[in-house]
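K.L.:
Start from chain A and add chains X and P according to the hints.
Top to bottom, those sequences are chains A, X and P.
First residue of the first sequence? That's 1 in my numbering, and the numbers climb one at a time after it.
First residue of the second sequence? That's 356 in my numbering, and the numbers climb one at a time after it.
First residue of the third sequence? That's 649 in my numbering, and the numbers climb one at a time after it.
Treat each hint with caution, since some may be false.
Below are the BS3-like pairs computed for lysine-lysine, each with C-alpha atoms no more than 27 Å apart in a straight line [claimed, not checked]:
#1 P/Lys-674 / P/Lys-880
#2 P/Lys-674 / A/Lys-347
#3 P/Lys-684 / P/Lys-891
#4 X/Lys-540 / P/Lys-724
#5 P/Lys-773 / P/Lys-736
#6 P/Lys-891 / P/Lys-880
#7 X/Lys-515 / P/Lys-736
#8 A/Lys-167 / A/Lys-10
#9 X/Lys-435 / P/Lys-787
#10 X/Lys-540 / P/Lys-766
#11 A/Lys-347 / A/Lys-10
#12 P/Lys-847 / P/Lys-787
#13 X/Lys-435 / P/Lys-728
#14 P/Lys-724 / P/Lys-766
#15 P/Lys-845 / X/Lys-540
#16 P/Lys-773 / X/Lys-515
#17 A/Lys-197 / A/Lys-129
#18 A/Lys-347 / P/Lys-716
#19 A/Lys-197 / A/Lys-347
#20 X/Lys-515 / X/Lys-540
#21 P/Lys-787 / A/Lys-345
#22 P/Lys-766 / X/Lys-515
#23 P/Lys-736 / X/Lys-540
#24 P/Lys-684 / P/Lys-728
#25 P/Lys-847 / P/Lys-773
#26 P/Lys-766 / P/Lys-787
#27 X/Lys-517 / P/Lys-787
#28 P/Lys-684 / P/Lys-736
#29 P/Lys-736 / P/Lys-880
#30 A/Lys-345 / P/Lys-674
#31 P/Lys-787 / X/Lys-643
#32 P/Lys-766 / X/Lys-435
#33 A/Lys-10 / A/Lys-197
#34 X/Lys-517 / P/Lys-724
#35 X/Lys-517 / X/Lys-643
#36 X/Lys-643 / A/Lys-227
#37 X/Lys-515 / P/Lys-787
Sample of chain A residues at the chain X side, in silico, Cβ under 10 Å [as the list claims (entries may be wrong)]:
#38 Val-128
#39 Lys-129
#40 Thr-149
Don't read these hints as lab results, they were simulated from the structure.
By construction, the Cβ of each residue, glycine as well, lies at the ideal position given by its N, Cα and C atoms.
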Amino acid sequence: MIYRETGQYKSNYGTDEQIFPIRQDRIGVMIILAVAYLAVPFIGNDYWFSAILIPFLVLSLAAIGLNLLTGYAGQLSLGSAGFMAVGAFAAYNSMLRIEGMPFLLGFILAGLSAAAVGIVFGLPSLRVKGFYLAAATLASQFFIEWVLTKFPWFTNYSASGVITAQKMVLFGYAFDTPVSRYVLTLVIVTLLALVAKNLVRTRTGRDWMAIRDMDVAAEVIGIPMLKTKLLAFAISSFYLGVAGALWAYCYLGTVEPQAFELARSFQLLFIIIIGGMGTIVGAFFGAAFIVFFPIFLNLFTSTVFAGQLDPGMLSHLEQFVFGSLIIFFLIVEPLGLARLWQLGKQKLRLWPFPH
Amino acid sequence: MLFFIEVLIGGLLAGVMYSLVALGFVLIYKASGVLNFAQGSMVLFAALSFVSILAMGVPFWLALLLTLAIMVLLGVVIEKVVLRPLVNQPQITLFMATIGLSILIEALGQMIWGSQVHGLDLGINDIPFNFYGVFISQFDLFAAGCAAVLVAGLSLFFHKTKIGRALRAVADDHQAAMSVGIPLKHVWTVVWAAAGFVALVAGLLWGSRLGVQFALTLVVLKALPVLILGGFTSIPGAIIGGLIIGATEKLAEVFIGPYFGGGIENWFPYALALVFLLIRPDGLFGEKHIERV
Amino acid sequence: MSVQGNSILTVNNIEVIYNRVILVLKGVSLDVPEGKIVALLGANGAGKTTTLKAVSNLLRAERGDVTKGSIEFRGKRVDKMTPPELVKQGVIQVMEGRRCFAHLTVEENLLTGAYTRKVSRAEIKRDLERVYAYFLPLKERRNSQAGYTSGGEQQMMAIGRALMAQPAMILLDEPSMGLAPQLVEEIFEIVRDLNQKEKVSFLLAEQNTNVALRFADFGYILENGRVVMDGKAADLAANEDVKEFYLGISSGARKSFRDAKHYRRRKRWLA
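Here chain A stands alone, though its shape is the one from the complex (with noise of 0.2 Å):
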């Protein structure tokens, strides 16, 4: 009842072909937008700015990322750090060596390193299903840390491996609060996250799921192989490079490889399947559940166990806790948040009806 859809004609095709066409759904984003970009940022603090929303929006974005390859094209990829580093190591050598660049050109710069080498490891998707691909991309994962930590070029000769990131200026104002970031950050993810909503909308969104739900038969009627797959894996490293450089420019301060670890891969990994693959609003989801979980278990356990184990089989504690929440919401819904999110939305609209 709530969510009836009864009364809402589409007189032209502009209407008709617009990413919320359910007035409901378009009221709920401008709610979280105005929310997001106007409420926010005057009545937060610093902690929630720098350690709860900056990476919760980066790691939605790389988790868009993802989404796009794996969710949408079928190539499963567990290398996703390794070009998010690339994206890192791409904008801090781009503005440590070209005179004058600025910040935002940097971030596109790593982009497009990123897509580069996603290209070339996505070669072997041509030849490659399933989770041979899966263990094939680990090579990708692997080699990346190795070259950005043993040819010291990459870091700038510096001592300790460590690269502090360079001052974001843009017309004289410099993002170095906690508030300016948030807002840098929530500004490139909805806008790469809108870009993302349509492309899959789009005739190579849907050449991606065609690929990936029967690729044989995708080739038989016409999708050339060769640039779907690798324009996936082009695209799909594009999101994730310009992530990793926000992770290291707003979100770290610092330019690392250890950021970027097969820790970090499983954890993308882990966002878009408890969020949903396959959708946008997924990636958004898992990010949510990645971000916050952590902190209300750390809650929990302080308080509940206050003083009675040590801190080591409280770190355990907790994540046994994970593992089990994960086996969890898979078995719940093996579909994802999205997909719970679907079906509450499909029960309002029968409301109060059950069924």
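P.N.:
Structure of chains X and P alone, referenced to chain A:
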């Protein structure tokens, strides 16, 4: 030249150790289509349980039996709590569930048995054999022997017995297997218990090599190239893949590594496996992907 | 519909819901008399496969639940049995789209059907030979991998596999799907043979209404999750409504579009 042979043999035997871990993967994948990322944690859990039970003063063989019982129990619980609700889900969902499982088992092991490093002594002398001027470790030979026995036994099981056939059917299509009357829960309990047993063997051998510590879970990352190369569904493939990966990894480390400043053994096996994959996309011995459009 | 002889399967007013939100079967009742072939007909999405899966209890794996009604096999309630238990009772389903074990050989596929039986190897071999006698092409391909066999061979393999379990009743889901018409005739002839010689009852879900009504004894027509018509197969085949909506035979001369709109028989049973 002698040095080359020594490195080669050392590599081959190291490869056998990788194969032992890979065997656990193949077992579960062949029988349920699940890529069990938790195999590494199971190896650690088995080794931890064993040394902790030993440290309590229990004699060797009794400790072994008790650990085996624990691993079987673990398998039963995993099947009931994790796999049964996820019947018929796509492979990637099950894979993610096993990643969650690996976090869980690791944490569980360390909560129960503590997280300090334990040494493990299996009572095998590590005096190297001198074989025509080439030194071969006795320990490695023993490991190779164990692996050979396991491989022979498992291959026979899968291809010559009724339940082995049922396992392969389940791996192909859960729902069809259910519709034919194959009781998935019994089947999977058997498989996971068997994988637990393999994990125990691997855990004991690796544990005496490296000491029983958290790093044991990382052997998974060494087993994956073996699986890619040999094929996820092939038991002999796990051994041959292991031999190839082990040998080339050691040879590359010794002869090519110095040109790059070392450290290539992290990605070199993967790159090698990738090259093989381009020629045989299902691994050297894996079952070919059959698709009907 | 009045019951002819003993009912081997009674489905009583079942309601099936998927994901707790989507109602698929809205009160379906049917009856399969012992030793007969009953056809379940209807368009796509009518609920035929769901009905079969509700009987063989494969719904749970697809997040479906039977929320109302009961299912009885030979007088015993079977709602709560697991699929393997049902197979032991004598009910086995041949799933839609054949679903063979692609990496096993044809012979191994057939042997998996006998998994639940605790009999000697010799007896299983005899059953295997009997199945090969019904499905000759399978015998020639007994050692090839099932994934590489043709659609018709796979369909035969699926039915043969079900036969190996020595069932009293087979639930056959869309056996004609994806098969050449001549092969469809062949398969249905074999089904009739099995029904008459081996005394296996069949509940057949089929979209090819023409062929199904020729070989079945009774039929039920499903529409949108409800049974809208039932009766002897011969009666259904002669029924005007069935002829127009499912067999594509309309009475009378050619109609213009306007006539068709005006005089087209309406589906009166749509709620």
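K.L.:
Each of the hints needs a verdict: does it hold here or not?
P.N.:
Verification of the hints:
no.	hint	verdict
1	P/Lys-674 / P/Lys-880	23 Å, holds
2	P/Lys-674 / A/Lys-347	18 Å, holds
3	P/Lys-684 / P/Lys-891	23 Å, holds
4	X/Lys-540 / P/Lys-724	24 Å, holds
5	P/Lys-773 / P/Lys-736	19 Å, holds
6	P/Lys-891 / P/Lys-880	14 Å, holds
7	X/Lys-515 / P/Lys-736	24 Å, holds
8	A/Lys-167 / A/Lys-10	48 Å, violated
9	X/Lys-435 / P/Lys-787	39 Å, violated
10	X/Lys-540 / P/Lys-766	19 Å, holds
11	A/Lys-347 / A/Lys-10	24 Å, holds
12	P/Lys-847 / P/Lys-787	23 Å, holds
13	X/Lys-435 / P/Lys-728	18 Å, holds
14	P/Lys-724 / P/Lys-766	22 Å, holds
15	P/Lys-845 / X/Lys-540	35 Å, violated
16	P/Lys-773 / X/Lys-515	15 Å, holds
17	A/Lys-197 / A/Lys-129	26 Å, holds
18	A/Lys-347 / P/Lys-716	20 Å, holds
19	A/Lys-197 / A/Lys-347	24 Å, holds
20	X/Lys-515 / X/Lys-540	21 Å, holds
21	P/Lys-787 / A/Lys-345	53 Å, violated
22	P/Lys-766 / X/Lys-515	17 Å, holds
23	P/Lys-736 / X/Lys-540	16 Å, holds
24	P/Lys-684 / P/Lys-728	25 Å, holds
25	P/Lys-847 / P/Lys-773	20 Å, holds
26	P/Lys-766 / P/Lys-787	24 Å, holds
27	X/Lys-517 / P/Lys-787	20 Å, holds
28	P/Lys-684 / P/Lys-736	21 Å, holds
29	P/Lys-736 / P/Lys-880	30 Å, violated
30	A/Lys-345 / P/Lys-674	22 Å, holds
31	P/Lys-787 / X/Lys-643	24 Å, holds
32	P/Lys-766 / X/Lys-435	25 Å, holds
33	A/Lys-10 / A/Lys-197	21 Å, holds
34	X/Lys-517 / P/Lys-724	30 Å, violated
35	X/Lys-517 / X/Lys-643	23 Å, holds
36	X/Lys-643 / A/Lys-227	25 Å, holds
37	X/Lys-515 / P/Lys-787	21 Å, holds
38	Val-128	5 Å, holds
39	Lys-129	6 Å, holds
40	Thr-149	8 Å, holds
Violation of the numbered hints given earlier is confined to hints 8, 9, 15, 21, 29, 34; the remaining hints are satisfied by the structure.
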